[in-house]
Amino acid sequence: MADIRLIEIKEEILADNKDLADEIRNALRKNNVFMVNMMASPGGGKTSLIVHTIRELKSMFRIGVIEGDIDSVVDAEKVAGEGVGAIQLKTGGFCHLNAPMIRMALDEMDLKNLDLIMIENIGNLVCPAEFDTGAHKKVVILSVPEGDDKPLKYPLIFSICDALVINKIDYLGVAEFDVDVFKERVLKLNPEIRIIEVSCKTGEGVQAWIRWLTDEINAYRNRR
Amino acid sequence: MHELAVTESILNIVLKHAQANKAEKILSISLKIGELSDLVGDCIQFYFDYLSKNTIAEGAAIEIERSPVIFQCRTCSDTFQVSLKDSKDIVCPECGGIEVTFVSGREFYIKHIEVV
Ligand SMILES: Nc1nc2c(ncn2[C@@H]2O[C@H](COP(=O)(O)OP(=O)(O)OP(=O)(O)O)[C@@H](O)[C@H]2O)c(=O)[nH]1
Ligand SMILES: [Mg+2]
Ligand SMILES: [Zn+2]
Chain A
0 MADIRLIEIK EEILADNKDL ADEIRNALRK NNVFMVNMMA SPGGGKTSLI
50 VHTIRELKSM FRIGVIEGDI DSVVDAEKVA GEGVGAIQLK TGGFCHLNAP
100 MIRMALDEMD LKNLDLIMIE NIGNLVCPAE FDTGAHKKVV ILSVPEGDDK
150 PLKYPLIFSI CDALVINKID YLGVAEFDVD VFKERVLKLN PEIRIIEVSC
200 KTGEGVQAWI RWLTDEINAY RNRR
Chain B
0 MHELAVTESI LNIVLKHAQA NKAEKILSIS LKIGELSDLV GDCIQFYFDY
50 LSKNTIAEGA AIEIERSPVI FQCRTCSDTF QVSLKDSKDI VCPECGGIEV
100 TFVSGREFYI KHIEVV
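In order, the protein sequences belong to chains A and B. Each residue of the first sequence is one higher than the last, beginning at 0 in numbering that gives the first Met the number 0. Each residue of the second sequence is one higher than the last, beginning at 0 in numbering that gives the first Met the number 0.
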């Protein structure tokens, strides 16, 4: 019987996904396309915020959307109804989007004629947080009815995102949600995160979101 | 949840290393996973047993070392562990300070494997 040997590995489990995500960022850079990954629970407001963003920015940027929602074309149709191209990924049963899936979607998009790609990730606060999609910025949307305890229950997603959109602020006062406590919990996990309060229903705060996104896109384009 | 995708990656990585080291069989795999990651160990082993059939990793035991979520107090510099799921808030146990910085708890890598 041969001796048991110990082999040191020290390799990130999702290293392959990360490498492909880096390749995607390189391909996007060549075409100066900025990509943002939007994550939230089911019903958190991903599609609503994407639709607002298209309306506000389509005169300024050429926009494409990658829809990851589980086997439904409803969201892709809503987005297409706004006059921009949407790729619907068939993700039946998957709980997150990963870099290979985004690569497939990008292969069907005309990067030369795009400035901004928004990814609507699958509705879930757990799995999407683990997988780099190749996006330049990551955004988590948390809606008021979900409760202010979510950073304690799903800490990873709050710790890795660049921006947090608190959506459905029209429910503040109805729902038990302490904005200050919520922000404090998030900032402890991630002091760099930019927090923006919006209501996709009334439109309140949407301009602050648009400003953040526009600044990020412009900073990216100027960094070439 | 995403355990299947994670397990596929684990299998690919350990097979690559085992082959590079001319191993005949993989006996165990040690993972380091931070408490911030929601990963169900039993699921990983279950998927692994299934995916590794007819490979040299078949039958390998997966050991997961969970590393705690660590914060540091900005007032007294004390570092402390937090069990986020059992706590309402993150407060320094030393001085009661609430100005704290996240230090670690996102580890997600393969430490080592045992082979023959
Ligand atoms: N009151 C209120 N309702 C909102 C707001 N934003 C979105 N909604 C509603 O919430 C529901 C879900 O919004 P979506 O934008 O479809 O959410 P989503 O995250 O794309 O949902 P899935 O793709 O199904 O996971 C819809 O009925 C929206 O009209 C808001 O700010 N306030
Ligand atoms: Mg949607
Ligand atoms: Zn302290």
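I should point out that these hints are in silico values taken from the structure, not numbers from a laboratory. Beta carbons: idealized from backbone N, C-alpha and C, even for Gly. Heads up, some of the hints might be wrong.
[As the list claims (entries may be wrong)] One-sided and incomplete, this derived list gives chain A residues near chain B with beta-carbon spacing under 10 Å:
1. F130
2. K152
3. S198
4. T201
[As the list claims (entries may be wrong)] In silico SDA-like links for lysine to any residue, alpha-carbon gap of 25 Å or less:
5. K84(B) to I121(A)
6. K152(A) to G58(B)
7. K149(A) to H111(B)
8. K24(B) to D37(B)
9. K84(B) to R102(A)
10. K111(A) to E215(A)
11. K182(A) to T74(B)
12. K152(A) to G172(A)
13. K87(B) to K9(A)
14. K87(B) to I159(A)
15. K152(A) to H111(B)
16. K24(B) to K110(B)
17. K57(A) to L19(A)
18. K84(B) to S158(A)
19. K17(A) to K84(B)
20. K149(A) to E106(B)
21. K110(B) to T74(B)
22. K31(B) to D179(A)
23. K29(A) to P41(A)
24. K29(A) to C94(A)
Hint-by-hint comparison with the structure:
1. At about 7 Å, the closest approach between the beta carbon of F130(A) and any beta carbon in chain B falls short of 10 Å, and the interface hint on this residue holds.
2. Annotation: K152(A) was flagged as interfacial toward chain B, and the flag holds, the nearest CB pair being 7 Å apart, inside 10 Å.
3. With 10 Å as the threshold, the beta carbon of S198(A) stays out of range of chain B, its nearest partner Cβ sitting at about 27 Å, so the hint is violated.
4. Against a cut-off of 10 Å between C-beta atoms, the interface hint on T201(A) is violated, since the closest Cβ of chain B lies about 31 Å away.
5. For the hint pairing K84(B) with I121(A), the CA-to-CA distance comes to about 24 Å; that is within 25 Å, so the pair holds.
6. Simply put, K152(A) and G58(B) have alpha-carbon atoms about 34 Å apart, too far for the 25 Å limit, and the pair is violated.
7. About 34 Å separates the Cα atoms of K149(A) and H111(B), which puts this hinted pair outside 25 Å; it is violated.
8. For the given pair, K24(B) sits about 29 Å from D37(B) by alpha-carbon distance, which is inconsistent with the 25 Å threshold.
9. In summary, the hint linking K84(B) to R102(A) is not supported, as the alpha carbons are separated by about 35 Å, beyond the 25 Å threshold.
10. At most 25 Å may separate the alpha-carbon atoms for a hinted pair to count; K111(A) and E215(A) meet this at roughly 20 Å.
11. At most 25 Å may separate the alpha-carbon atoms for a hinted pair to count; K182(A) and T74(B) meet this at roughly 20 Å.
12. For a cut-off of 25 Å, the pair hint linking K152(A) to G172(A) stands: about 23 Å separates their Cα positions.
13. Restraint check: the Cα-Cα separation between K87(B) and K9(A) comes to about 34 Å, which exceeds 25 Å; the hinted pair is violated.
14. Taking the CA atoms of K87(B) and I159(A), the gap is about 21 Å. The hint holds against a cut of 25 Å.
15. A C-alpha spacing of about 30 Å is found between K152(A) and H111(B), which places the hinted pair above 25 Å, so the restraint is violated.
16. Of the pairs offered as hints, the one joining K24(B) and K110(B) holds, with about 17 Å between alpha carbons and a cut-off of 25 Å not exceeded.
17. Straight-line distance between C-alpha atoms of K57(A) and L19(A) comes to about 29 Å, which puts the hinted pair past the 25 Å bound.
18. Taking the CA atoms of K84(B) and S158(A), the gap is about 15 Å. The hint holds against a cut of 25 Å.
19. With a C-alpha separation of about 28 Å, the suggested pairing of K17(A) with K84(B) is violated against the 25 Å cut-off.
20. Taking the CA atoms of K149(A) and E106(B), the gap is near 21 Å; set against the 25 Å cutoff, the hint holds.
21. Only pairs whose Cα atoms come within 25 Å are accepted, and K110(B) paired with T74(B) is rejected, the gap being roughly 34 Å.
22. For the hint pairing K31(B) with D179(A), the CA-to-CA distance comes to about 34 Å; that exceeds 25 Å, so the pair is violated.
23. With a C-alpha separation of about 34 Å, the suggested pair K29(A) and P41(A) falls outside the 25 Å cut-off, and the hint is violated.
24. A distance of roughly 30 Å separates the Cα atoms of K29(A) and C94(A); the hinted pair therefore is violated under the 25 Å criterion.
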